[in-house]
Every structure is written in structure tokens, then in C-alpha cells.
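Position chains R, L and D relative to chain H; hints supplied.
Okay, here's what each chain looks like letter by letter:
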Amino acid sequence: MQQGLKEKAIQLLKDKTVDRVVGWKAGEFFYDLTPAVFHTPEEIEKDFVFSVFSGANLSKYLIAESRKGGKVAAFLKPCDTYSFQQLLKEHRILRENVYVVGVQCDGTCDIEKIKAAGCDGVTAVREEGDGLVAETLYGEHRMSKKDALLDRCAVCKSHKLVVYDELLGEQGEEQDAGRFAEVEKLERMTPEERYSFWRGELSRCIRCNACRNVCPACSCEKCIFDNPDSGARNKAAADSFEENMFHIIRAFHVASRCTDCGECSRVCPQHIPLHLLNRKFIKDIDELYGEYQAGADMDTKPPLMDFTKGDADPSVVYERGGDKA
Amino acid sequence: MSNSDLMETIGRISGVNPRKCMKCGKCSGACPAYDEMEFHPHQFVSMVESGRIDELMNSRGIYTCLSCFACVERCPRSVEPAKLIEAVRCACLRRQGMDHMKPEHIPAILDEDLPQQAVTSAFRKYRK
Amino acid sequence: MQVNGEFQPTIVAFCCNWCSYAGADLSGTNRLQYPANVKIIRIPCSCRLNPLFILRAFQRGADGVILCGCHPGDCHYTTGNYYARRRMTLLFSMLDYLGIEKERTRVEWVSAAEGGKFAATMNDFVAAVTKLGPNRRLEDLRCSKD
Amino acid sequence: MQRIGVFVCWCGSNIAATVDVEKVSEVLGHEPGVVFSTNYQYMCSQTGQDMIQSAIRDYKLTGVVICSCSPRMHETTFRRACEKAGLNPYLVEIANIREQCSWIHKDKAVGTEKAIILGRAAIAKVQLNRPLTAGESPVTKRALVIGGGIAGIQTALDIADAGFPVDIVEKKPTIGGKMTQLDKTFPTLDCAACILTPKMVEAAQNENIHIYSYSEVEAVKGFVGNFRVTIRKKARYVKEDVCTGCGLCTEKCPQKKVPNEFNLGLDTRRAIYIPFAQAVPKVATIDADYCRMLKEGKCGVCSKVCTAGAIDYKQKDELIEEAYGAIVVATGYNPIKLDKFDEFAYSQSPDVVSSLEFERLMNAAGPTGGVLLRPSDHTHPKTLVFVQCVGSRCDSEEKGKPYCSKICCMYTAKHAMLCREKYPDTEVYVFYIDVRTPGKNFDEFYRRAVEEYGVHYIKGMVGKVVPENGKLKVQASDLLDNRQLHIDADMVVLAAAIEPDESARPLATMLTASMDTNNFFTEAHPKLRPVESPTAGIFLSGACQGPKDIPETVAQAGAAASKAIGLLCKDHLTCNPCVAEPDELMCNGCSSCEKVCPYGAITYADKEFRGPNRTTLIRRVAQVNPAVCQGCGACTVACPSGAMDLKGFSNKQIMAEVDAICR
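As you go down the protein sequences, you meet chains H, R, L and D in turn. Under this note's numbering, the first sequence has 258 at position 258, and the numbering climbs by one with no breaks. Under this note's numbering, the second sequence has 111 at position 111, and the numbering climbs by one with no breaks. Under this note's numbering, the third sequence has 69 at position 69, and the numbering climbs by one with no breaks. Under this note's numbering, the fourth sequence has 51 at position 51, and the numbering climbs by one with no breaks.
These are computed hints drawn from the structure, not numbers from a lab. It cannot be assumed that every hint is accurate.
Straight-line C-alpha distance at most 27 Å; calculated BS3-like pairs for lysine-lysine [said to hold, decoys possible]:
no. : chain 1 : residue 1 : chain 2 : residue 2
1   : D       : 607       : H       : 301
2   : D       : 295       : D       : 314
3   : D       : 257       : D       : 171
4   : D       : 295       : H       : 309
5   : H       : 309       : D       : 527
Here are the in silico distance ranges between beta carbons for each label pair [stated by the list, open to error]:
no. : chain 1 : residue 1 : chain 2 : residue 2 : range
6   : H       : 318       : R       : 105       : 57 to 65 Å
7   : H       : 104       : D       : 506       : 42 to 50 Å
8   : H       : 287       : D       : 506       : 31 to 39 Å
9   : D       : 109       : H       : 313       : 31 to 39 Å
10  : L       : 31        : H       : 235       : 44 to 52 Å
11  : D       : 319       : H       : 11        : 43 to 51 Å
12  : H       : 235       : D       : 618       : 24 to 32 Å
C-beta: ideal position from N, C-alpha, C; glycine also.
Looking at chain H on its own, in the form it has when it is part of the complex:
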């Protein structure tokens, strides 16, 4: 797979379709792949990596890249294409300056899970058939890929690439892998249990802003939390209120625009399951206003910018209750 992507990138650069390519390269370690811009075939040959750790969603980088002049190619996985299309819908990416290479994907992996499976001193991970082979200082360790998937990939919503100029691999379908199960579990708890659950999670927040910076929907020119004129500036989570406030407002600002790409939770250094906040909004929207998937198309109005005369009254929240049996 990696070879195919490299060849494609080199070809696009050589035939001048594009003058740069957004892809992944290794960071400190082989598993912490990081987004990178490549300008020459040589750079591609040397640094371009596509592996089970290519989780990073490259679409957000195209906001800036598409405005820098010239044309840029980007490799987008199915979930990334949703983010990309949502950004197109919001006029953030200049479509004509981007060449999208759609890449089919069967899930990206979490190094923590591989380590947790008992692999110490991992030096490389490769795919073999359906499984993974972790090369360690102490020999090879085989495991099923399913056990190593990132949480978000285990409940992948779609293998469909909703927008691309060229496709590597097969087109896929939307699927229901039960991504709302965790939200439902929380909904079944009592308010007290939920409160202590979220206190436990959100109190670990160190306001590093990683979730915000990686989120394709959080691409504001200036975030309200950085803006003294917004009346809501807040740089560090000084107490429990601000921990709650930041995450409530962030989730609200991306509600009906969030494609559920799951980057927020992937990058959180404190392992706070932030996607559960966004997914709650998605689930509520689906239930109250009809199924909606941000980024799935260019035309449907986002539910928070739309209404019907017969919408549920806010009191539905009391009726639905928080302590569903």
C-alpha cells in the first residue's frame, strides 16, 4: 500500500499535476506519524510513510495549503473525505487547488493497544494478512489487527469516500458499527453517575488545546477562547467550571458540523474520550431532527442552521430523561 501511494505522489509531482503533496512522515518514533508537506519526489522517497499509524486527518491542513498558490495533492482516507467535504461546504478549502487522492482504509492502529498486548520494545509493525506483526527487541509478536485498532476505527461509520479526484483501492459503503453504544451507556447512568464520570474525565484536562488544534471543524480564524473581545477568553483550565465550559462550548460550536472523525480523542494526551461529547450531539440530532451526517454531501443544511415547524420542544430533554432504564 505505502509503495502505491508513494508512486502516485511521485507521479503527480513529476507530471506537474500538483507542486506539493500532503502526506505523513515519521515523527520521533515510527508510530507517531505526523502530517507533512512534500515538495520533491526525493522527499517522498525518503520520508513518506503510509502505515497502520496514518491516523492523522489531513483535511484541515488543506485550508491553509489550498490558499498558498499552486496545487496541492492530499491523501484522504474515507473518514477524512467527510471532513474535507464539510470544509468545502463551509468555503474553507479552495477546491480547485486541491487534488484529492482517495485511499481506502481498514482502520488505523493505536500503539498503546499494541504495547498493552504485551509487546515491549516494539521497533516496527507490519501487516501480514489480517493480522499485525510487531517486531520487538525480543522477537516478533503476532496479533489480530482488530485488537490494535484505534477506538474510533473499531466503530468506523463509513468506508465510503465521499469526494476524490482519484481513488486508490475500492470504493466502500457506509456502515453501522454501533458507534453510539458508549453514548447510550452513559445515557443509561443516573445524572450523579454521569456527573462523576465526566468530572473524572474532564478534570484531567490540561488545556493543551490539542483537541482544538487537530479538529477540522475547529478551524476558526480566531478561536473565541483566545479572543479577549469574545467575553469568553480562557487560556487555562483554572477550575472545574472552565474545564466544563471549554468542552461544552467546543462541542456546541462544532455540533452539526462535526463529522465524527475522532481526531480529538486520538490526540488527547490525557486520553479524555472527547468524541463522546460530539457523538452525543450527533445522536441527539439524528433522533430529534432526522439522520444527518456532516460532510456527506454539499447541500443539506446543517441541522443547527435549519428547523422544521414541528421540531421537538426543549422540554423533550426532561421527558427523555437522563435516567433511561
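Here is chains R, L and D on its own, set in the frame of chain H:
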């Protein structure tokens, strides 16, 4: 049963709100059995509304209603008089000794051409 | 806030200028009583209410926040309250999801003619929030009055 | 540093009885930024206003807070007073300590404490107020009237008389509307044509009026004072300015079998036609659905006989864009379709007719030349049954309408009376639920039908009509006699409910004007602003707003005209300065705000911004048209970056109020 209970029972059985009636008389205009009854469809509605239910229950007219539902079909206010009439008939059945049809009546009304089912179903309908 | 050892909640009521603020005025004109805990902030339309304002109120010591707007379909700006309705529904659901008492937030549709409804709504809401006690789950300790 | 003045009003004892005004002004005087604080018996009185004005001058106030009655009461008064003293009127805030404090609390300590908090909130807000200037937008001094019936004609004539140019857009080939089809008019029984056609001619000849006949409104952009309207002038295949209206083509056209809609299909016309003799404009129109030349390319008779050379088979629809300051909607009504009322045998027998059809059958210019004949066998009917409320006051949405159509009682009395007058040998029955005749000389008119003309008015309703052997068997109830009637009638006339024209709903969408569930246009206030739509610059004339008879329509048409004239007289309109305002530096250009704006006030522009390292970036940013924005604030919440704010109700101002209340 007090009269107000009776009114409530009729309301519950029929699901009809007689207050919706605007007294246009289209039900009575449409009724094919009009001349067979001493009270007419529009009167059914106003009598239920004003609580004259006992009078209705003792009227023969409730059994000459054909249940053709012309009044229900035609009513511009969706009052559904035929449903009220049916409710009054039900109220009669619920009351002791008000069966409209008794076993001893049957021999007299037996007719060779009458299908047996008609008698059986009438018996089921008009007796507890 | 504690007055004579009794909990007196602080309630912020956001009222749209065209219906609910006029409804509140009408309940005054008709001398219909409701507790002084309620302080009204006038906004042009219920769709002006930013969730930030609600959180800000809780941060600064409010115990309950209520939004009143024109009845759906009657908005002075034709559609504002329809947006407010969706926003508040989702916000309240999120607060509930975080385990924050959903009874502290409410939306009511009050027309300019419903002075009675306005007073009744406020009486009811103040009673409900009083029963809940002080806002603890969404308070900012730095702003605490106690 | 702000210099704020606080003025606490006693409102006689209205406030002072439950609020310690002395204490309020004392405490608020110590708030940060407050340099002057006082209280007075009646702040809104001239003396009170003078106090405010001299304090503004003496203390060089930069903001004023008035603790008084509701801003809905006196905000304008106080703003004006401050403006006179040189303070921007938007630097005034009102703390509502009467309706929302003194009147609802009995305990003086409680009332006083709350009044202080409300005052603090107003002070906190006024600290952040900015002087605002109401913008102005010019007014295009031209009106558009949509619909050329009696309502539209009257409105246009009145506006034209005031000296303003006005255009009428009428979708039919002629103006005149429903009234042209009527025979006589109640309660005076003067002939409809005799009173209407002079007005039609007047409209055609008035220099200030331009008639777009056979045309429809295609698109509406802009806002009060500055509407831009696209009008589609449908191809009539006849050059309007060349046709002399001689009518030769309409006699020679070989296609004779076209149902004549003017006579409601009771007779036929040709494929090229002039709707009726007094049509305005009196020019022929080719019905493209029936013309052989247009359909099959052969025929061309009309072109051959036309000496003026007016026929143009190649004519295309024409789009005209015109600017208007005011728009008057006069789209009128139609009788409902009767096909759902099978019990009256409307679709089974030609002798069951609607009232409008009856009107044509009685009309001297109608298909029978004014002789009442049964459509089935052209015999003279002896027994006629009129049924009222057909489809009116009906609970079922698919069959009829929930409202009273208002005009049916009177025109049915008219029909019955005319019938008895012309043909004394007829028996006429009118079945009614209620006879509703409020109106000058209306009840007298109905009583005359009964008392002088011997019309049989029967309280009851027809249950069914069955055509049998050339007769119509009518079965009905007579509620007062408590019996069922069986009448062998020759004709049955149904007083069909009326409904708004089907063009009204799409038009309302174009105009962003609101409508009720029955598709009638909603007025800005049901009592006090009955001829204005809530959307500024849109006025309502005639039955598009609700069922109406002719006198009422003409009265409303005049009222709508005077409202439109009032607008057109102005050179500029003052806009509400409390409008949305984007901060371009923060705007993402994501269109969230545009999607929720009910007025289409937000557009986008590509603008250059300075990027890092001396680069320039072109970004798409929101632009608000302050003349269109009404200041609801929907966009401010939709905007994720907080780039959109609302003047006069900014995020910071509202939060300052929150803080003051919660502190």
C-alpha cells in the same frame, strides 16, 4: 349511574365531542332513515350535549338507525352522530334489563329468507 | 444566596423583546406576583441567546437560567425562535449528559398577551430551582458568594 | 472613563410605593463610572426631561441610565430627550423597575434591592454602549401592485393619483379580476361591469399606471424602499402595441373547442381570444395549448386575417427587471374546487352549478345572454335550491376550509332575489346554517329577499342531491320544522367557499411575507396594522388577506394605497442601527450566519488580508446590509468564531448584564 356519569360514558365510548356541532343539520339532511326515528341525527347530538340521555335510551329510533354512516361522512365538523347513537345503544346494553333483543323475540321474527347469521349477529349486538 | 438561613436562588430570565418581555411587562401591569429572585435581561429575539451567556450566568452565581421567547410560529423575525428551540434543546441535553441538573435550565414560550403565564412560569421555575438548591455542578468557585 | 448619570423615577407612587427611590439613587450613585445620580417624581415629564438634559450638559455625561417604567413605554421619549442635549440616543439604557419590579413585589425591602440590581445591570451595559447612528436608505418612488382585480386597480389608482408611478402585474390577459365575471352586486344591485369597467379604463389611461397583463412576478430581491422585481411577461403571440382589438382573428380562428374560462367552461372560445368585450388591454391572446400553428406548425389563419400584422408566433416570454419602493399584494381569491362534494352531485349533473357559474348564467354577457337556462337541456328551471356554506366552516382540511367565507350569505340572497324578480314563476329555496349579514344595508337586503321576494329560507342543510329523470332529487333537513324535506329541483346552486389564489404561497416566499395556515397573508397587527405585512414595505389589499366583499376590498385597497404613499413620500428611510456587524478579521466565511438569516441580509465578499511574512491572503468574509438586517441576532449565535456581533446587544453587553445580576 348519574346523568353526568352517563354523559361521560357516552363521550368515552363514542369519542365524540358534541360541542363541535354547529347545528347545520346536514346529518339529518343526509339520513335515509330520518322518518323512521322520533329523534333525528342532529337531535341526537344536541340531546347528548344537553344531557337528555335517558330519553334517547328509551327511544326506539336508536334501533332504526341503519348505521350507514352517511351523517358521519357528511358532517362538516367531524362530529360523527352515528358514533353517538352506537354509544347510546351500548349504554343501554350495559344497563340491567334494557336488552333490545330477547331470546323469546326470535321465533316471531324468524323469516325463512333471513340468513341465520343475521339473527345471530343481531342477537349478539342487542343483548348482553 | 442565603437570606435568613433560607436559600434564595438567583434566576436570570432572558426575554425576547417582542413577546416575552412584553408578557413580563403585562404581568406587572396586572400586578401578578412572582419572586424577586428573577431578573430579566432583554434580548431582541430568543435566537440571540448564546449558550455562552447561559454558562456565564452559572459561572457568576446564577442558580437557574430561563429563556422566554415568542411561541413557535409567532416570532417577530419569523424564524428566530425555531433556531433557538433547536439550540436550547441540544444544549440542555448536553448539560444533562454531563450530569448537570437539567431542571436549572428551561425554555418557555410566552406571548405578549400571556402576563399570567409569565408570572406562573416564573413562580414554578423559582420553586423548582429552590428545591434543587444552590448550583454546585456548574459554579466557578472564584465567583462564589458564600 | 465613562461619566454616567442615573435617574430614578418615582412614577408618582407607582414605583415609589414599593421601591425606596432615595436609596436606589444613593446606592447606584456609588457604582463605578457613575458621576451623577438623582430621583424625581415623573422623569418622563417635561421637568424630568429637563433635569436629564441639564445633567448631561453640566456633568458631561457619556451615558445615561433611567430607572423607570418599561423601555417599551418611554425608551423613545428618553432617547429623544438625550439626543436634544447632544448625547447619542443609543447611550441611554432603561432599567425597568416598574413593570418588572415595583408592580410585582409588595415588600419594599425586596423591591428596593431588586431595583438596585436592575439599575446595576443597566449601568454595566451602558458602560459598553457605543454611539450608534441610524443609517439611511433611499426610497425608489415607484410602487408595484401584484394582481389586477378590483383591489389592485383601486390601490393603483389611489397611488397614481398621489403622483407616484405604479405598475400592475396581472397574470391573466386582462385586468378586472373576479368582479368582471359578476352580474349584479349586493346590496344595491348595480351591475358589476358598469361600475368596474370605467375603473379599468381609468387605470389603462392613467399616465402614472403601467399595466403588465399576462405577466407574473418571477423573483423579488431587495428590501423596503429598494425592491428589485423580475417580471415575466408571458408570450401572448400578439404584439400588444400593434393589436387594435378588432376581434376579427377571434372570429376566424378555426379552433373553436376551447373551454372558455371567463364563463367557467360553460361555453367555448377560440384558440385566439379576447376574454370579454371590455378587456383591458383590449388585445388578443393566443392560447398556446390549443393553437394549431403553435402546436403543429400549420394553420396561421389569425395571421392572415390580421390587417394590423399583430400576430407573432415567434414571440418569447420576456423578463423585465424593475425597481420599486413599495409592493402591494392583491392576489385575490378563487372559489374552491367542488369535486370533493359528491353528495351534491356537482360532477354528476351539469344542472348543479357553483355560485360563480350561476353568476355567468344570469349575466347578459354570459353564455346564455342573461336568460336563466339549465345547462343540461336549456330549459327554464322552475325550482331552484341554493346551498350555503359548501366547504366553508368545515373541519376536514382535505374537503373544505375552517373559516367562514363571509360573502356567500349576501350573494346567495342576491341570486335568490334576482331569480325571483326575473322569473316570478320560480320556487327558490335557500338552505342555510346561519345567515350572516353584518354590513350596511345587508340584513335589510336579506330580509327583502324573504319578505318581498318570497324566497324560502330554510334552516337546515342539504344532505344529498340525486339526479333522476331530468330532475335533481334534493333531500334536506328543516331543523325548525324538525322534518326532512324532499324537493324535486331543476337546478342546485352551491355557494362554494373561497380560498386565496394559488399564486399567493410562492409569492409570499419570494416576498418573505408571512401567511397563515389557510394561505391568507398575515397582517402586521390584526387590529392596528391591518393592511401591512410584517415584512416592511409589503402591503395587503383585498381578499389575499382574508375573505372580503367589494366595498370592504375597495376600502382596504385605499388604505393599502395610503400606507404605500406614506412610504413613497419619504426620500430616505431610517434604518434600525442595532444590526449585526461582522468582524472581518475573525470571519471564517463559512456561511453559517447566512444560512440562518431570515432576511437574506448577509452576503460574502473576497477581501485581501495581510498574512504572515508580508504575504497577502484573500479570504471570503461576511458582509451585512444594514438596511436589510432587522437585528434578530440569529447569526451571532450561529457564528462559531464569534465574528458576528449585534450592535446594541453585543456579547459583551449581555455578559456585563449577566455579571451585574449574578454578582
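Now the hints, each set against the structure:
no. : hint                      : verdict
1   : D:607 x H:301             : holds (26 Å)
2   : D:295 x D:314             : holds (12 Å)
3   : D:257 x D:171             : holds (23 Å)
4   : D:295 x H:309             : violated (45 Å)
5   : H:309 x D:527             : holds (26 Å)
6   : H:318 x R:105: 57 to 65 Å : holds (59 Å)
7   : H:104 x D:506: 42 to 50 Å : holds (46 Å)
8   : H:287 x D:506: 31 to 39 Å : holds (33 Å)
9   : D:109 x H:313: 31 to 39 Å : holds (38 Å)
10  : L:31 x H:235: 44 to 52 Å  : holds (49 Å)
11  : D:319 x H:11: 43 to 51 Å  : holds (49 Å)
12  : H:235 x D:618: 24 to 32 Å : holds (31 Å)
Hint compliance for this structure: hint 4 is the single one not met.
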